[in-house]
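A.B. asks: Here the protein sequences come in this chain order: E and B.
Residues 1 to 450 in the working numbering are what the first sequence spells out, letter by letter.
Residues 1 to 112 in the working numbering are what the second sequence spells out, letter by letter.
It should be emphasised that the hints constitute simulated quantities derived from the structure, not laboratory data.
Hints may contain errors.
Far from chain B by the CB rule (all over 10 Å, computed), these chain E residues [stated by the list, open to error]:
1) Val93
2) Ile109
3) Ser300
4) Val323
5) Gly391
6) Val408
Listed below are the simulated BS3-like cross-link pairs for lysine-lysine, each with C-alpha atoms no more than 30 Å apart in a straight line [claimed, not checked]:
7) B:Lys40 with E:Lys72
8) B:Lys40 with B:Lys22
9) E:Lys371 with E:Lys221
10) E:Lys292 with B:Lys40
11) B:Lys17 with E:Lys72
12) E:Lys72 with B:Lys9
13) B:Lys40 with E:Lys339
14) B:Lys22 with B:Lys60
15) B:Lys2 with E:Lys221
16) B:Lys17 with B:Lys2
17) E:Lys72 with E:Lys371
18) B:Lys34 with B:Lys9
19) B:Lys34 with B:Lys2
20) E:Lys72 with B:Lys2
21) B:Lys90 with B:Lys9
22) E:Lys292 with B:Lys9
23) B:Lys3 with B:Lys17
24) B:Lys34 with E:Lys292
25) E:Lys371 with E:Lys292
Stretch-level coverage of chain E by chain B, calculated; a stretch enters the list once three of its residues show a Cβ under 8 Å from a Cβ in chain B [stated by the list, open to error]:
26) 192-205
27) 286-294
By construction, the Cβ of each residue, glycine as well, lies at the ideal position given by its N, Cα and C atoms.
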Amino acid sequence: MLDLPVSRRRAPLASIVSAALLATAATALAEEAAAPKFDTGDTAWMLTSSALVLMMTIPGLALFYGGLVRTKNVLSTLMHSFFCAALISVTWVLYGYSLTFGPDVGGVIGNASFFGLSGVLGTASALAPTIPQMLFVIYQATFAIITPALISGTFAERLRFPAFALYMLLWSTFIYSPLAHWVWGGGWIGAQIGALDFAGGTVVHISSGISALVTALYLGKRVGYPETAMPPHNLPLTVVGASLLWVGWFGFNAGSAVSSGELAATAFVNTNTGAASAALGWLAAEWIRAGKPTMLGGASGAVAGLVAITPAAGFVTPLASIVIGLAAGFVCYTAVSIKPRFGYDDALDVVGVHMVGGTLGALLTGVFATKDVNSAIPTLTLGLDGGLLYGHPGLMTKQLIAVVATYVFCGVGSYLLLVLVNAITPLRAPIDDERMGLDLSQHSETAYSS
Amino acid sequence: MKKIEAIIKPFKLDEVKEALAKEGIQGMTISEVKGFGRQKGHTELYRGAEYVVDFLPKIKIELLLQNEQATKAAEVITLVARTGRIGDGKIFVLPVEDVIRIRTGEHGEQAI
Chain E
1 MLDLPVSRRR APLASIVSAA LLATAATALA EEAAAPKFDT GDTAWMLTSS
51 ALVLMMTIPG LALFYGGLVR TKNVLSTLMH SFFCAALISV TWVLYGYSLT
101 FGPDVGGVIG NASFFGLSGV LGTASALAPT IPQMLFVIYQ ATFAIITPAL
151 ISGTFAERLR FPAFALYMLL WSTFIYSPLA HWVWGGGWIG AQIGALDFAG
201 GTVVHISSGI SALVTALYLG KRVGYPETAM PPHNLPLTVV GASLLWVGWF
251 GFNAGSAVSS GELAATAFVN TNTGAASAAL GWLAAEWIRA GKPTMLGGAS
301 GAVAGLVAIT PAAGFVTPLA SIVIGLAAGF VCYTAVSIKP RFGYDDALDV
351 VGVHMVGGTL GALLTGVFAT KDVNSAIPTL TLGLDGGLLY GHPGLMTKQL
401 IAVVATYVFC GVGSYLLLVL VNAITPLRAP IDDERMGLDL SQHSETAYSS
Chain B
1 MKKIEAIIKP FKLDEVKEAL AKEGIQGMTI SEVKGFGRQK GHTELYRGAE
51 YVVDFLPKIK IELLLQNEQA TKAAEVITLV ARTGRIGDGK IFVLPVEDVI
101 RIRTGEHGEQ AI
């Protein structure tokens, strides 16, 4: 008899308690939505990473490319990277971030809700829940800057500046933003295919590499190529640039963990190991084939390794990164060496390093990825525990789809943009301007007074 | 009056300069030049591409001397700049019509 009233009494009590709990939880949720709780460690590391990745473009990439061109074109080449940093920093705030990471529209593009970064303050992105969204904005801006700047290596020494500026603006808007959205922003490559790309192998390197190939083919060769020797005018600049790229890449890859824990540390170790192994691989390859190891070879190899380890950095073991690095050194050296047989003039080897290295890295990620390194892999791949090596050939298919989709979209897209730009303002510098050098003809200045 | 133009290997410049100073020769003009004779050039490697570089760096020394001094200077340079290997360079001895010292306007041997 006593039991009933108790249970009767209990029932409403329980309801009250659970209702109260629910209310508290709801309040907490509401507060969280209004002011997310940021992790200061993650925030500090991502601030640092953002600065590191910007350093990759200016001065890293600027110097890497600047040293490789002839004396008369060094300023115009530095300008390519520097101008991208300036231009895309602004467009990213105005509309680039929103198109890339705004709420998804049909799996294709982000919407306009973050135009001018409205609605960003006081929130966190679902992709980076522990840091302010404002920080995610600037971190991603540095990726959006370096990607078109990478293409500039292919058209160095012959593209008119007005055409360059327009091409970069259009490429960033119509190629980078949709592609980055597809892979990271909730679009179809990441969300529906389940391909793995830790830090931008497809988005940054394959995209810039294939676009570089199309651009080189469309633009045609530099006057005198390949009969005339066009050796680098200042290799020390190139080596300083490659070294800054190497260091900056820790922000690029370890930063892509979007946290400051073990995953970032693993990506850091893999990045360093991949770069180092690829430098050794390239040096060994040229030592065997050409008889001498060269400083330019070591620098190029390191960059090729950094490219190849980019999609894999947070998914593979350090031992796998040695294999990926060595493979990148050998394969990219071979790709660059046989370039003259194909007849296109990719002036500074964007294709051989970024397209080939990026593709290799994407495919090898499909071989070496394992959930032992990154427990998110089954979620990201829609159900696989790892790559080919771990008995899951299905990941290779996903990686191939992502690679081919990037080739097709960026290849065709870049071609259309080149036709459009050329119709508005000529791409090629007139032959006399090219002979005089772009520093004087495009900018009315010279790098070295004598 | 004679003018001597000597093309020598760059690393021999200091030795030649000191040997000429010992002979009492008081001034010279040098320039960094490039050229090739029977030595030919060398190959350079950039990312697997080989370039043949024909023109090698050399130093050109120009001296203005009285006739006897010129004979002696040519002997000294020949002796000091020689390594015995191909590419040691050449010495040209040319007659000079006049020399003018800009500061004073002096002509001829006084201006040397």
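A.B. asks: Holds or violated: lysine 3 (chain B) and lysine 17 (chain B), Cα atoms, limit 30 Å.
C.D. replies: Holds, at roughly 16 Å.
A.B. asks: Check the hint pairing lysine 72 (chain E) with lysine 371 (chain E) against an upper bound of 30 Å on the C-alpha distance.
C.D. replies: 51 Å, violated
A.B. asks: Keeping to a limit of 30 Å between CA atoms, is the pair of lysine 371 (chain E) and lysine 292 (chain E) held or broken?
C.D. replies: 41 Å, violated
A.B. asks: Hinted pair, alpha-carbon criterion (30 Å max): lysine 34 (chain B), lysine 9 (chain B). Please report holds or violated.
C.D. replies: 11 Å, holds
A.B. asks: Does lysine 40 (chain B) pair with lysine 72 (chain E) here, judged by a C-alpha cut-off of 30 Å?
C.D. replies: Since the Cα atoms of lysine 40 (chain B) and lysine 72 (chain E) sit roughly 27 Å apart, the hinted pair holds (cutoff 30 Å).
A.B. asks: Are the Cα positions of lysine 72 (chain E) and lysine 2 (chain B) separated by 30 Å at most?
C.D. replies: Violated - the C-alpha atoms of lysine 2 (chain B) and lysine 72 (chain E) are around 40 Å apart, more than 30 Å.
A.B. asks: Since isoleucine 109 (chain E) was said not to touch the interface, does its Cβ keep a gap of more than 10 Å from each Cβ of chain B?
C.D. replies: 38 Å, holds
A.B. asks: Against the 30 Å threshold, does the CA-CA distance of lysine 40 (chain B) and lysine 22 (chain B) hold or violate the hint?
C.D. replies: This hinted pair is violated, its Cα atoms lying about 33 Å apart.
A.B. asks: Verify this for me: three or more residues of the segment 192-205 of chain E with a beta carbon less than 8 Å from a beta carbon of chain B.
C.D. replies: violated (count 0)
A.B. asks: Taking the shortest Cβ-to-Cβ distance between glycine 391 (chain E) and chain B, state whether it exceeds 10 Å.
C.D. replies: 38 Å, holds
A.B. asks: Verify the proposed pairing of lysine 2 (chain B) with lysine 221 (chain E), using a straight-line Cα cut of 30 Å.
C.D. replies: 51 Å, violated
A.B. asks: For the pair supplied as a hint, lysine 22 (chain B) and lysine 60 (chain B), is the alpha-carbon distance within the 30 Å limit?
C.D. replies: Holds, at about 20 Å.
Figure legend: structure checked against the earlier numbered hints; hints not met, in rising order: 3, 8, 9, 11, 15, 17, 20, 25, 26.
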